[in-house]
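*Asks:* Protein sequences, first through last, are from chains A and B.
So for the first sequence, my numbering puts the first residue at 1; every next one is plus one.
So for the second sequence, my numbering puts the first residue at 134; every next one is plus one.
These aren't lab readings, by the way, just hints derived from the structure by calculation.
Here the structure is a predicted model, which is why all the values come from computation and not from measurement.
Mixed in with the good hints, there may be bad ones.
[Said to hold, decoys possible] Under 10 Å between C-beta atoms, here's a sample of chain A residues computed to sit facing chain B:
1. 16
2. 49
3. 61
4. 62
5. 63
Note that CB positions come from ideal geometry on N, CA and C, so glycine has one too.
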Amino acid sequence: MSDSLRRVMCVEDDPDIRMILEFSLGTVGGYDVRCCPGGRSAVAEAPAFRPDLVLLDVMMPDLSGPETLVALRELPAMQGVPVVFMTAKAMPEELEQLLEHGATGLIVKPFDPMSLPQDIRPYWEHGRGRQAG
Amino acid sequence: MQAGFARLQAQFLAGLPQRWSDIVQAPSGPLREAALHRLAGAAGSYGLDALGEAARQAQHSRAPEAALAEVLAQIQAAGVTV
Chain A
1 MSDSLRRVMC VEDDPDIRMI LEFSLGTVGG YDVRCCPGGR SAVAEAPAFR PDLVLLDVMM
61 PDLSGPETLV ALRELPAMQG VPVVFMTAKA MPEELEQLLE HGATGLIVKP FDPMSLPQDI
121 RPYWEHGRGR QAG
Chain B
134 MQAGFARLQA QFLAGLPQRW SDIVQAPSGP LREAALHRLA GAAGSYGLDA LGEAARQAQH
194 SRAPEAALAE VLAQIQAAGV TV
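Please put together the full structure from these sequences, using the hints given.
*Replies:* Structure below.
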């Protein structure tokens, strides 16, 4: 895990949300952003991109978010990299179930594109703390 | 930065007629719920909170016709003709 949060991978099937994620995290936040339209492409691209953090949609047609998380965790390059689910689900019990899949945290959609770059930082710091501990 | 956001918002608005078409042409059930779920997740991030909330309500509504009418009303309130 790198010493700073630079590279963020976003996995999202909706093209409009991918577009606003690139604007938010790239233009507003200044991160190096890689947006993938599905779990399979994320698993294929993660080893070369080496993200510092992954934002992962939950409901996707090819691999679901939880299935993608399992596949990412099997990659040596992705051990310990924080993965944060993005979801439009709002029921507390649904959110708790998602965290049981081993994600670092949750961001509920819709998100504010102006504040998202800062909102993800605590999850990266949490992941870095776990690595150090 | 604001100009960039406004440009993206205009693109999103331009795509709303297609989203609405996807919603009403999908058979009721999982496919329609998925289309509403995607709209609920996206609209608020483009500053269209009322539309996102209407889509969320419609996704879970037991009175789908009225809920869809509210989604349509919010699309039109955003200045989009469908």
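*Asks:* Indicate, hint by hint, whether the structure satisfies it.
*Replies:* Verification of the supplied hints:
no.	hint	result
1	16	holds (5 Å)
2	49	violated (23 Å)
3	61	holds (8 Å)
4	62	violated (13 Å)
5	63	violated (15 Å)
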